[in-house]
Every structure is written in structure tokens, then in C-alpha cells.
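Trainee: Chains as they are written, first to last, in this note's numbering: chain G, 58 to 261; chain Z, 344 to 894.
Straight-line Cα separation of at most 30 Å, BS3-like style, residue types lysine-lysine; simulated pairs:
hint	chain 1	residue 1	chain 2	residue 2
1	Z	Lys815	Z	Lys729
2	Z	Lys428	Z	Lys820
3	Z	Lys508	Z	Lys460
4	Z	Lys820	Z	Lys460
5	Z	Lys460	Z	Lys696
6	Z	Lys428	Z	Lys733
7	Z	Lys508	Z	Lys487
8	Z	Lys605	Z	Lys842
9	Z	Lys580	Z	Lys487
10	Z	Lys729	Z	Lys820
11	Z	Lys580	Z	Lys385
12	Z	Lys889	Z	Lys487
13	Z	Lys428	G	Lys193
14	G	Lys193	Z	Lys729
15	Z	Lys487	Z	Lys385
16	G	Lys218	Z	Lys729
17	G	Lys218	Z	Lys428
18	G	Lys218	Z	Lys733
19	Z	Lys815	Z	Lys733
20	Z	Lys580	Z	Lys889
21	Z	Lys696	Z	Lys815
22	Z	Lys605	Z	Lys889
23	Z	Lys460	Z	Lys842
24	G	Lys172	Z	Lys733
25	Z	Lys508	Z	Lys580
26	Z	Lys733	G	Lys193
27	Z	Lys815	Z	Lys428
28	G	Lys193	G	Lys172
29	Z	Lys815	G	Lys193
30	G	Lys239	Z	Lys531
31	Z	Lys428	Z	Lys729
32	Z	Lys487	Z	Lys460
33	Z	Lys385	G	Lys218
34	Z	Lys820	G	Lys193
35	Z	Lys460	Z	Lys815
36	G	Lys239	Z	Lys385
37	Z	Lys842	Z	Lys696
38	Z	Lys428	Z	Lys385
39	G	Lys172	Z	Lys729
Hints listed in this document are in silico derivations from the structure and should not be mistaken for laboratory results.
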Amino acid sequence: MSDTDSGSVLSDHERATIEAAAARIVPSDEGAGASEAGVIDYIEGLLAADDVDTDISPREKKEYANFILGGMGGRTEEQQATLFKLHGTGSRHLQAYRDGVVELDRVAAELASGKDFRGLDDAGRDQVLTVLDERKDAFFTLLLTHTMEGFYGHPRHGGNKDRVGWRVLDYPGPSFPHGNEKPYGWYDANEPDEFVQEKKDGSS
Amino acid sequence: MAEHETVDVCIVGGGASGLVAAKELTEAGMTVCVLERGPWYKREDFALGDELMYRRRNFFWPTVELEPRTWRPDADTPAEVLSTKTQTFSNAMCVGGGTIHYSGLSWRFHESDFRVKSEDGPVAGTTIEDWPISYDDMEPFYEKAEWTVGISGQGWSSPFDPPRKRDYPVGPAARNSPGAALERGARKLGLHPFPTPLAILTGDYDGRPGCIGKGMCSAYGCPVGAKSSTLESLLPKALATGRLEIRPLCLAREITLDRNGKASGVTYFNGEGEEEHQPARLVVMAAGGVETARLLLLSESARFPQGLANRSGLVGKNLMFHSPGVTLVVTFPEPLDGHKGTSSTRVLHDFYKSDSSRGFIRGGFMHPRAHGGDPIELALRPIHGKRWGKEHKDSMRETWRHYLHSHCTGESLPVESNAVDLDPDLTDCYGLPVARITYTSHENDVRLATYLGERSREIYEAAGATRIIVPKPETRKLHNHQMGSARMGNDPGSSVVDKWCRSHDVSNLFIVDASVFVTSAGLNPTLTIEANAFRVCDYMVTEARKGNLIH
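Please work from the sequences and hints to get the whole structure.
Mentor: Written out as C-alpha cells, the structure reads:
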């Protein structure tokens with residue numbers, strides 16, 4: 058469990074190290090990066106879900122599934138969050154992250170005479186991450202995947218705060234219930250269309 | 344074990360074919376129970392626009408820890424457990440099945456697709472055969488499927504289509520920019536793009552509204568109700584009869600037999616994980632090309648030591664997953680804005696007709712897609728130069744509004760060793776052996792996939808693309824098109840079901856999913872699954888009325 062008072066499953070050092078690494082995976086530039094998007098909060102949410110007992114029986118699994126049965130439309134935010142976590146269970150990542158932080162610090166110390174990962178500047182941090190990337194390190198791929206999920210995923214899971222990840226792409230986000238009007242893009246606006254959409258009376 | 348009251352028909356699987364059967368048989372006056380292993384979602388459950396939850400978690404698919412499957416390329420190689428990524432490239436396990444999240448491409452197979460051996464065979468290493476039915480047998484049921492399920496399109500717009508008597512009930516979907524980009528290139532090359540027939544309404548029909556172009560279409564459920572899933576189009580009609588009971592979260596474990604060797608019902612695990620038995624006068628298998636075979640193999644007995652309805656030894660064999668890709672990623676100088684509209688709106692069938700001078704037989708087609716709005720999916724694609732950092736982020740900016748992915752779908756030839764059987768080493772959370780898939784694409788399939796990829800490249804070059812990535816053919820381990828594992832035929836020695844999809848061995852057992860396909864065609868299978876299920880149900884109802892089926 059946590060060695061801090063924050064209720065987090067990570068220690069302050071672990072949290073700060075993961076946050077610093079994520080900030081190099083999606084760096085801040087003229088647009089927001091992983092730091093502004095709160096990717097660390099997304100990751101910590103996932104790891105907290107991993108902390109619950111996922112060794113569930115078929116019966117428990119069915120109970121989880123039954124939870125969905127009545128439809129999610131009427132569920133509270135909290136219930137939906139629980140549902141999401143249960144659906145995300147089945148892989149335990151917390152230990153991988155703990156070991157990953159140790160490894161980031163170990164490689165950093167090797168490359169920069171005793172400093173830990175957080176003690177490095179951006180270039181030094183990139184160098185450490187490149188070492189892990191090039192040797193196809195499983196933790197690095199996990200961190201990279203979760204960072205992209207936390208940056209570009211739906212804000213309801215704790216990352217992509219204020220939709221900053223979508224703003225980087227000039228993406229307005231999911232359009233339901235409004236939908237989209239034609240034209241959609243440049244090509245359907247400009248390329249002649251010989252098949253004009255006709256709405257038929259479906260009653261015949 | 345709890346014993347339910349006997350029904351006329353127990354259907355295993357509530358997806359494309361299962362809900363066709365539920366509607367047709369209840370409307371004909373039969374009492375029906377559908378066992379569906381997954382949950383029963385409603386339209387509003389698909390409203391969240393959440394790539395993470397719907398696409399990247401186990402919303403539609405069981406986790407690999409609880410309900411794994413395994414794969415090996417051949418019988419000499421140890422099987423590996425399929426990854427979450429592969430497992431989720433499969434049909435949803437929920438009421439509506441794959442029709443909940445499919446792109447909705449709704450094809451009539453071509454006339455030649457029903458007589459592959461006559462046209463192109465035999466081919467070494469394959470078991471190609473003619474179907475015991477022809478396009479003419481299917482035509483009225485294609486029309487019935489199009490009008491009952493609700494398919495949009497423009498009849499007679501493709502010069503390659505098989506003959507039809509009636510247009511689609513609603514007009515084609517609004518063209519998106521990936522479709523327009525395909526047209527731009529294809530017309531320059533003298534090819535014939537046309538509007539994709541889709542199980543997506545474009546205007547009010549049958550009490551449901553038309554598409555609002557919201558994106559998040561392929562791989563997502565439709566919160567509008569415009570996608571013509573069987574959940575939306577057929578289930579309400581079946582429920583309205585008052586003769587249907589649908590039981591979600593119920594996993595069938597065995598088809599039971601009476602002492603005369605006829606099916607007597609289905610044993611299953613209910614939502615609490617407890618066993619129950621549903622007695623039935625008829626059993627209809629509709630669990631898809633992997634799980635139907637698995638359940639038949641699990642239902643072994645002294646009478647059927649090789650598995651139920653398997654005197655031919657062919658249950659599970661001749662599995663077909665379509666040709667192994669390829670999926671191109673293409674960028675254009677002007678915005679495509681692929682987060683808007685339905686995914687596929689224009690397709691090309693110019694390369695569909697079989698032509699052995701190309702170095703392979705059979706064919707397939709190209710369908711560019713609007714991505715729908717999946718930035719995580721794009722971020723993790725290996726197309727950005729670097730996987731992370733400033734360069735990756737800039738590539739995301741440059742790509743997002745400007746890319747499409749273009750699928751090639753082609754025929755896969757049946758190979759007897761491509762098969763589903765029971766894994767001897769691995770069980771699921773119920774303690775049942777999991778499906779083990781043995782699959783390697785035939786060389787013909789690989790050549791076809793490569794060919795379609797290269798023709799696609801030429802089209803996008805002509806269209807003025809700035810970047811075209813054509814990957815190598817994929818290793819197919821699982822797919823959402825699962826066909827052939829209980830093929831139909833006239834000879835009980837070389838097929839599992841007859842031309843009415845009735846087991847040669849068990850007279851009150853029918854199979855209505857794509858397991859019965861003899862060959863795969865190079866087209867998305869769902870409309871053919873549905874049309875064939877309508878055809879089989881028509882026969883069942885006729886026979887039942889004569890007193891030949893239900894006594």
C-alpha cells in the first residue's frame with residue numbers, strides 16, 4: 058500500500074518519476090503535454106484498480122457483468138468509473154510500474170554518475186527512455202501505451218484534462234448527440250459526386 | 344440442476360443469425376429461448392463516445408484471463424494464448440453480437456461465390472467445393488434481409504453486383520472524404536467506385552432514425568439507433584410476439600441428447616455461474632464459427648465420441664478468416680476529417696472477379712475508412728517515425744485530420760488443417776477446454792492480399808496522397824469473419840449440415856451462423872449470414888407446419 062498520506066498506491070518518488078517520464082513521452086510545447094493533461098492521474102487510477110483483488114470467480118465475473126445489465130445510462134459517474142475499472146482488470150501493472158521506476162533510476166545512474174531519473178535534465182531523461190525503448194523493454198511499452206491513453210483518451214478517466222490532448226489535434230471530441238453536418242472534409246466537398254444521396258420513402 | 348419448461352426452440356447465440364431465427368420462429372408461433380453468453384446492452388449504453396472503454400477494455404469481449412483462446416500456425420507448433428489485442432479483433436459477445444459494432448458493409452455474395460470449385464478448382468492444399476445452393480436460391484432472402492434488417496445503398500450502382508429485383512429500402516450514406524479520395528484516384532484509373540451498401544439507415548425507416556454522421560461507428564455501438572444491428576432491427580419484433588425469452592450471461596456448455604439420439608435441449612451456466620438445463624424440441628446453433636464448433640465438440644457422448652453432429656469428422660475444420668489484410672494507412676494534403684460520418688461510403692469491386700492469370704484465383708475489394716475518432720489507436724500505430732516524444736506528437740498533429748486507413752478484404756480458400764478444436768491444456772473460468780485455433784493462410788490468400796494492397800497503392804497515388812504505407816500480409820490468428828467450420832453439403836461424408844443447414848446426424852439440430860459457409864467469398868459475411876438464416880427459418884417453419892419437425 059501507499060507510503061504517503063495521499064491515499065495513492067504509489068510513493069511520492071514513484072509518482073514523480075512516472076510523471077516525469079510521461080512528460081517526455083508526450084512533451085509540452087506550444088500545446089499541452091502529458092503534465093498538463095494529468096496523465097499521471099489517469100495512470101494512478103488504473104494502478105489503484107489493479108490493487109483490488111482481480112482473481113475473480115466466474116460467479117463474481119457474472120455479478121460484474123450483471124452490473125451492466127440494467128444499462129449504463131442511469132448509472133452515476135462513480136458507478137461508471139467502477140465498471141470501467143472492473144473491465145480493465147485482469148492484468149496487474151502496479152508491480153511493473155514499481156520495478157520500472159527502479160529501472161529508470163538504475164539506467165539514469167549508469168548514464169549520469171549516480172543521479173536518479175528525476176535528477177536529469179530533459180535530454181538526459183530522453184537518453185534513459187531511449188535505452189529502454191531500444192531494448193524493447195516491456196515496462197516502457199506499458200508506460201508509453203498508458204501515457205497515450207491518458208493523453209488522448211476520454212477525460213472521464215482522469216487524463217486529457219480540459220480536453221487538452223484533443224486540442225493538440227484540433228479534434229473537437231465525440232460529437233454525439235449532435236452529430237456532424239456535411240461536408241465532412243475537403244475531398245467530399247470538392248470531388249464531384251455522381252451518386253447523389255436520395256432519401257426514399259421506406260414504406261413501399 | 345434447474346430444469347426449465349420445454350420450449351419449441353433453443354437458440355445458442357444472440358448475434359446476427361440467432362436473432363434472425365428468434366424473430367422468424369416466434370412470429371411463426373413457436374416458443375423460443377435464446378442463450379447469450381454476454382450482456383444485454385441497450386442503445387443508451389453506447390452513448391459515451393469513449394475510445395478507452397469501448398475499444399480498449401473488455402466492454403464487448405471477455406478478458407483473456409477468464410475466457411482465453413489459443414492459436415498455433417500448425418499442428419506441430421505449441422499453441423500460444425491469444426493476446427487481448429487479438430481477442431478483441433473478434434465478434435462482440437453480447438446481444439446483437441458483431442452487428443452491434445460492425446461497420447455494416449452488407450453484401451450479396453456474387454453468383455460465382457457459390458460455385459468456386461466449378462469455376463476455379465480444384466486447387467492443391469484446399470478443400471474448395473461448390474455450395475449446395477445457388478445465388479438464385481439466396482436472392483429472395485437477400486431481398487428479405489435488406490428490407491427487414493434495414494440496409495441503405497443504391498441498387499444497380501455497381502457494374503459487378505449480382506442481379507437484384509428490388510432496390511435498397513433507403514438511399515446510400517453521405518459520402519465521406521476517404522470515399523471521395525478513393526473516387527478521385529479510381530476514376531483517373533478508369534475504375535468503378537460505388538456507394539457502400541450499409542446496415543446504417545440514412546433516413547427514418549421502420550421506426551428508427553437515420554444516421555447523424557457522428558463518427559465512432561466501426562467498433563462502436565450506435566446510440567442513435569441508426570445502425571441496423573439485430574438488437575435494433577429484429578429483437579424488438581421477436582419480443583413483441585410474447586414468445587421469446589432472451590437469457591443474457593448464459594454460457595452454453597453442452598447440447599443434450601434424448602435416448603433416440605435427438606437433441607433434447609441445452610445445458611448452460613446461468614448468470615450466477617450455476618448449471619441449468621433448457622429442454623427444447625429443436626436446437627439452433629448460432630454462436631459463430633469458433634464457438635459453434637467448440638460447443639459441438641464439447642457435446643461428446645457415447646453416441647458421438649468425436650463430438651455432436653460430427654460423424655463426418657469435419658466439425659471445426661475448414662475454418663476461414665478471409666485473406667490476411669492488408670490495411671493501408673494513407674495521408675492526404677487536404678483534411679479528410681475522418682472523425683465525421685460513417686466509416687465506409689465508397690468501395691471498389693473492379694478486382695473482385697477471379698482471374699488466374701494474376702497468379703492466384705478469386706478476388707476481393709478495397710474499402711477506405713474514416714477512422715471515426717480514435718486518437719489512441721492512431722498514436723499507437725507504427726507510422727510516426729518515432730513512437731514517442733516531440734517527433735511523435737508533431738506527427739500526430741500532421742496526421743490526425745489527414746489520414747484514412749484502407750482495408751482490403753479478399754477470399755480465403757478453405758484448408759482442412761485450418762481448424763477449431765478443444766485445447767487439451769487450457770480451460771476457461773468455467774473449467775471448459777477453450778477453443779484452440781490452428782490457422783495459416785493459404786498461399787493463394789497471401790498473394791491475393793498482396794495484390795489488393797498494391798492496386799490500392801496505385802489508386803491512392805493517382806488520388807494525390809502524400810504518404811502511402813502498405814504493410815505486409817498479416818498473420819491471421821483470429822478474425823471477426825469466422826466461416827466454414829461446419830460446412831454445408833449434400834454428402835454426409837464430406838459436410839456437417841445439409842443444404843437446409845440441418846445436421847446430417849441429428850435431425851432436430853440446425854446451424855445458422857457462418858460455420859456453414861462452404862467458401863468465404865471476398866466480402867463481409869453478415870448479410871449472407873442473415874439471408875441464409877432467413878432461408879433456413881423459412882424451411883423450418885414450412886416443415887414444422889407439415890408436422891415434420893416438431894411433434
